[in-house]
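Protein chains: 2
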Amino acid sequence: MTAFLDRCRAIAGADFVLDTPAGMAPFLRDWRGRFTGSARAVLRPGSVDEVARLVRLCADERVPIVPQGGNTGLVLGSVPDASGSAVVLSLARLATIRALDPVNRTVTVDAGVILQHVQEAAAAADCLFPLSLAAEGSCTIGGNLSTNAGGTGVLRYGNTRELCLGLEVVTPAGDIWSGLRGLRKDNTGYDLRDLYIGAEGTLGIITGAVMKLYPAPKASITALAALPSPEYALRLQSLLQDRAGASLTGFELMSALCLDLVARHFPALPRPFPATYPQYALLEISSSESADHAVQLLESATGAAFDAGIVLDAVVATSVAQSRGLWQLREHIPLAQAADGKNIKHDISLPVSSIAEFIARTEPQLQQAFPGCRLVCFGHLGDGNLHFNVAPPPGVDNEAFLVNQEAVNRVVHDAVVAFGGSISAEHGIGALKRDELARYKSPVELNLMRAIKAALDPLNIMNPGKIL
Amino acid sequence: MTAFLDRCRAIAGADFVLDTPAGMAPFLRDWRGRFTGSARAVLRPGSVDEVARLVRLCADERVPIVPQGGNTGLVLGSVPDASGSAVVLSLARLATIRALDPVNRTVTVDAGVILQHVQEAAAAADCLFPLSLAAEGSCTIGGNLSTNAGGTGVLRYGNTRELCLGLEVVTPAGDIWSGLRGLRKDNTGYDLRDLYIGAEGTLGIITGAVMKLYPAPKASITALAALPSPEYALRLQSLLQDRAGASLTGFELMSALCLDLVARHFPALPRPFPATYPQYALLEISSSESADHAVQLLESATGAAFDAGIVLDAVVATSVAQSRGLWQLREHIPLAQAADGKNIKHDISLPVSSIAEFIARTEPQLQQAFPGCRLVCFGHLGDGNLHFNVAPPPGVDNEAFLVNQEAVNRVVHDAVVAFGGSISAEHGIGALKRDELARYKSPVELNLMRAIKAALDPLNIMNPGKIL
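In the order they appear, the protein sequences are chains A and B. For the record, in the first sequence the residue sitting at position 112 is 112 according to full-length UniProt numbering, with numbers rising by one throughout. For the record, in the second sequence the residue sitting at position 405 is 405 according to full-length UniProt numbering, with numbers rising by one throughout.
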C-alpha cells in the first residue's frame with residue numbers, strides 16, 4: 001500500500017497524491033451530499049502522460065480507478081464506493097484549452113476544462129459552444145462527455161455526444177488512444193468515440209476532446225405561453241418547428257405548480273400573467289440575422305398559435321434583457337423545489353408524441369397510490385425529457401414521504417418503459433440507477449454491454465460498480 | 001452443404017434461397033462492376049425472425065455471412081470474396097415502413113427500405129428526411145446505416161449516424177436486440193447504436209431503425225459563386241455561416257476543370273458565367289419561413305461577399321426551378337468524369353480550415369510525380385469532404401495511367417494523414433481500403449477495434465475480411 005502510493009507520488013508528484021481524510025473529503029462526497037465513499041488516495045495528475053502511467057500502475061496492482069471531473073454528477077457515478085479499495089483519479093489539473101480553430105469551428109480541450117471556460121473561449125472567438133446546464137460553472141467537459149450531458153440547448157444542438165468530433169482516451173491498460181480528430185466525416189472503422197461518450201468512465205479515461213463550435217446567433221428572444229394542457233404544448237411546439245425550423249432553440253414545459261413554487265420562494269421574480277393557467281411553455285427563437293428578425297418571427301408564430309386556439313395567453317419579450325427574466329422563471333424551479341423541501345426525482349424521456357398521454361395516465365396512478373402527493377413536472381419538451389418529481393402532500397413530513405421512493409419509482413419507471421421511454425434521459429446511471437438498469441434493460445442488451453466491458457476492461461478496474 | 005441449404009430453405013422458403021449462378025449474379029458483383037465474388041447461396045429472408053434463425057444456423061455451421069442492402073457501396077463492403085465460403089444475406093425483402101410519427105418526428109423502417117421511399121414517406125407527412133445521395137433510388141436505409149452514409153445534406157443535418165435514434169440488430173449469435181427507441185435523450189448505458197452504425201455489417205445485421213425527421217423548409221434557393229481560390233471559398237463559407245446559421249444547407253466546392261468536364265459532356269446544361277474562374281461554390285439557403293426570405297438572405301449574403309472582395313461573380317437563382325438547374329451542374333460532375341474516362345478516386349476529409357492548404361500543397365506533389373495529370377477536385381466543403389480524383393494527362397491511355405493507383409494513393413493519403421484528415425470520409429472501408437486502414441490507423445486504435453470485433457463476433461462470421 002505505501003509502496004503503491006510512493007510509486008503514485010513518483011509519477012504525479014507528492015503534492016498531487018492525497019491520502020489524508022481532510023484532503024480527500026471533497027473528492028469522496030457526492031454533489032447532492034447524500035453519499036460519502038472511501039478511497040486509498042486521490043490522484044491528481046498534471047498531464048496525459050501522468051494519467052497513462054498512473055493507470056498502468058493501477059492495472060499492475062489491480063487497483064480500481066474512479067475517474068472524476070467536476071464531481072457534479074447526480075447518480076453517484078464519480079465517487080468511490082465505501083470499500084476503500086479504489087483510487088479517485090481527478091482530471092481537474094488537465095485544464096488547458098489546447099487550440100481553437102474558428103474556421104473549422106472546433107475547440108480542442110483537456111478533459112478537466114470547466115464547461116463555462118469552454119463557453120467563454122468560444123464567445124471570445126465570436127462562436128457559440130452550445131452546451132449549457134446548471135452546473136456549468138463547476139462541471140468539466142470530460143464529465144460532460146462521460147455522462148453525455150444534456151441541458152437546455154439539446155433541441156437545436158443535440159447532447160454532448162453530438163457536439164464532439166474527437167477524443168483522446170487513456171485505456172485501462174494505460175495506453176493513449178489519440179483520436180483527437182476535427183473531422184465532420186470520417187468512416188474509417190468502429191465508432192470508438194461514441195462508445196466512450198456516456199460510458200461514465202467504465203471503459204477508459206477521457207483526457208481530451210475536440211468539440212464543435214457554432215456561429216453565435218445575433219440574438220435570442222423568449223416568450224412565455226399559457227396553455228390548457230401538455231397536449232396543447234405539443235401542438236404549439238409543432239407549429240413553432242414548422243414556422244421557425246432550427247431557429248427554435250428552446251421549448252421548456254412547466255406546470256402551474258412549478259411557477260407557484262417559484263412565485264412563493266422567489267417573490268422578486270416577474271409574474272408574467274395576472275391569472276393562473278394549467279401549463280406554461282417557455283419558447284426561445286434565435287436568429288442569425290438580427291434581434292428584430294427574432295422578435296418578428298416569435299410574434300408571428302405566437303400570433304398564429306393564438307389564432308389557432310392553442311395558447312390562452314402569451315408574453316413575448318421585446319429585448320434580450322426581458323428574455324433573461326423569463327428564463328429565470330425556468331431556472332429557479334429546481335431552487336424553489338429545494339427550498340420547498342425534499343422530493344422524489346425522476347429524469348425521464350419519452351417519445352415527444354407520448355408526453356401528454358404519459359402525464360395524463362401516470363399522474364392519477366400516483367394520486368391513487370400516494371393521495372395528495374404533488375407532481376412537480378417540468379422539462380425540455382422538445383427533447384421529450386421531463387423532470388418528473390413527486391413531492392409530499394402539503395403538511396406531510398419530508399422524511400416520512402421519502403420512504404415511498406422505491407414504490408414511487410416503480411409507478412413512474414414502469415410507466416416510462418411501457419411508453420417506450422428512458423429511465424435516465426440525461427443524468428446517466430452511475431451506482432444510483434444500476435439496479436433500475438438491470439431491471440429494465442433486455443438480457444440481450446445487458447449481455448452486449450457486458451461483452452464490451454469485458455473486452456475493453458478485462459481486469460474490471462475502471463469505475464467498477466457503475467452502470468453494470 | 002446440401003443439408004445446410006435445405007435448412008436455409010426451411011427457414012426462408014425455397015424461393016428465397018438462391019444458389020444458381022444466374023440467380024446469384026446480381027448479388028455477387030459490386031456496384032462499379034470491378035469485382036465479382038463467389039458465394040454458397042444468397043439468402044433473402046422475409047422477416048426479422050427469419051434473419052435471426054438464418055444467422056443462428058450460420059453460426060452453428062460456421063458459415064460466414066455477407067449482409068447486403070442495395071449493394072451500391074463503393075468499397076467492396078457488400079459483396080463476398082472469391083472463396084465461395086460465405087452466404088450473402090440480402091435485407092431487400094424487409095421493405096416495410098413500420099410507422100411514422102409526425103409529432104415525434106420519427107419514422108421506423110425495415111432495413112431494406114430504399115432511401116428514396118423514406119424520403120417520400122416523410123414528404124407525404126409534410127416532413128423532411130434529409131439524407132440524400134446519388135444512389136438514393138437503389139440504396140437501402142440499412143446500408144446507409146451500416147456505412148454511415150454522408151451525401152449533400154450533412155452540413156445542416158449530419159451524417160446517417162446523426163439521423164438515427166434507434167436500431168434493431170440481429171447479433172452474430174442470432175439474438176435480436178430491440179433498440180428501436182424514438183428518444184432524443186437516453187443515457188442508459190453503452191452506445192450500442194453508434195457501434196453498429198458504420199460497422200459495415202461486421203458486428204451484426206441491422207434489421208430496423210428509428211430515423212429522425214425534420215420540418216420541411218418552405219423553400220431552398222441556390223447560388224453559384226465564382227472564386228479566385230479554395231482559400232476564398234473558406235472565407236465565403238464562414239461569412240455565410242455567420243449570416244445564415246442553420247439556413248445554410250449546402251456548400252459545394254467545384255474546380256474549373258469540374259465545370260469544364262460538365263460543359264464538354266453535357267452541353268445542354270446551363271453555363272452560368274461567360275468567363276472561366278478558378279473555383280466555384282454552389283450555395284444553398286433554406287428557409288422555414290418563405291421562398292422570399294431565402295432569396296433575400298442569399299442575395300444579401302452574396303452581396304456582402306462581393307463587397308468584401310471574396311467572390312468574383314455570382315448568380316443567384318430566383319426560383320426553385322433555377323436552383324435545380326444549378327444543382328444539376330454539381331450532380332453531373334461524377335457523370336462527366338465517367339464519360340471522360342477512368343481516374344483514381346479519393347474520398348477524403350480534412351479539417352475545414354486545412355482544405356486550401358492541403359490542395360495547394362498536394363496538387364504540385366501530384367504534378368511532380370505524374371506530370372500533366374488532371375485533378376478533378378470537388379466536394380462538400382462544409383463537411384471538409386473532398387472527392388479528390390486524379391485523371392490521366394490529356395491523351396494518355398486510361399489503363400496505362402491506372403497502374404499508378406498505389407503510388408497516387410500514397411501521395412494523397414500520406415498528405416491527408418499529415419493534415420489530420422481521413423482516408424475515407426463517407427464511403428467506408430470494406431475490403432477495398434482495408435490495407436490502407438491498417439497502414440494509417442494507430443496500433444492502439446486497431447487493437448481496440450479488434451477487441452470489440454472479437455467480443456461481439458467471437459466466431460468471426462460477420463462479413464469477415466471487411467474493415468479489419
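Calculated directly from the structure, the hints in this document are not laboratory data. Everything numeric in this text was worked out from a predicted model, so none of it was measured. Don't take each hint at face value.
[Said to hold, decoys possible] Under the rule of at most 16 Å between Cα atoms (straight-line distance), these lysine to aspartate or glutamate pairs were calculated in the EDC-like manner:
id, chain 1, residue 1, chain 2, residue 2
1, A, LYS342, A, GLU399
2, A, LYS441, B, ASP175
3, A, LYS218, B, GLU399
4, B, LYS218, B, ASP292
5, B, LYS342, B, GLU399
6, A, LYS342, A, ASP397
7, A, LYS441, A, ASP414
8, B, LYS218, A, ASP126
9, B, LYS342, B, ASP397
10, A, LYS218, A, ASP126
11, B, LYS218, B, ASP126
12, B, LYS441, A, ASP175
Each hint, compared with the structure:
{"no.": "1", "hint": "A:LYS342 <-> A:GLU399", "verdict": "holds (8 Å)"}
{"no.": "2", "hint": "A:LYS441 <-> B:ASP175", "verdict": "holds (15 Å)"}
{"no.": "3", "hint": "A:LYS218 <-> B:GLU399", "verdict": "violated (55 Å)"}
{"no.": "4", "hint": "B:LYS218 <-> B:ASP292", "verdict": "holds (10 Å)"}
{"no.": "5", "hint": "B:LYS342 <-> B:GLU399", "verdict": "holds (8 Å)"}
{"no.": "6", "hint": "A:LYS342 <-> A:ASP397", "verdict": "holds (9 Å)"}
{"no.": "7", "hint": "A:LYS441 <-> A:ASP414", "verdict": "holds (12 Å)"}
{"no.": "8", "hint": "B:LYS218 <-> A:ASP126", "verdict": "violated (29 Å)"}
{"no.": "9", "hint": "B:LYS342 <-> B:ASP397", "verdict": "holds (9 Å)"}
{"no.": "10", "hint": "A:LYS218 <-> A:ASP126", "verdict": "holds (10 Å)"}
{"no.": "11", "hint": "B:LYS218 <-> B:ASP126", "verdict": "holds (10 Å)"}
{"no.": "12", "hint": "B:LYS441 <-> A:ASP175", "verdict": "holds (15 Å)"}
Violated hints, listed in ascending order, are 3 and 8; each of the other numbered hints is respected by the structure.
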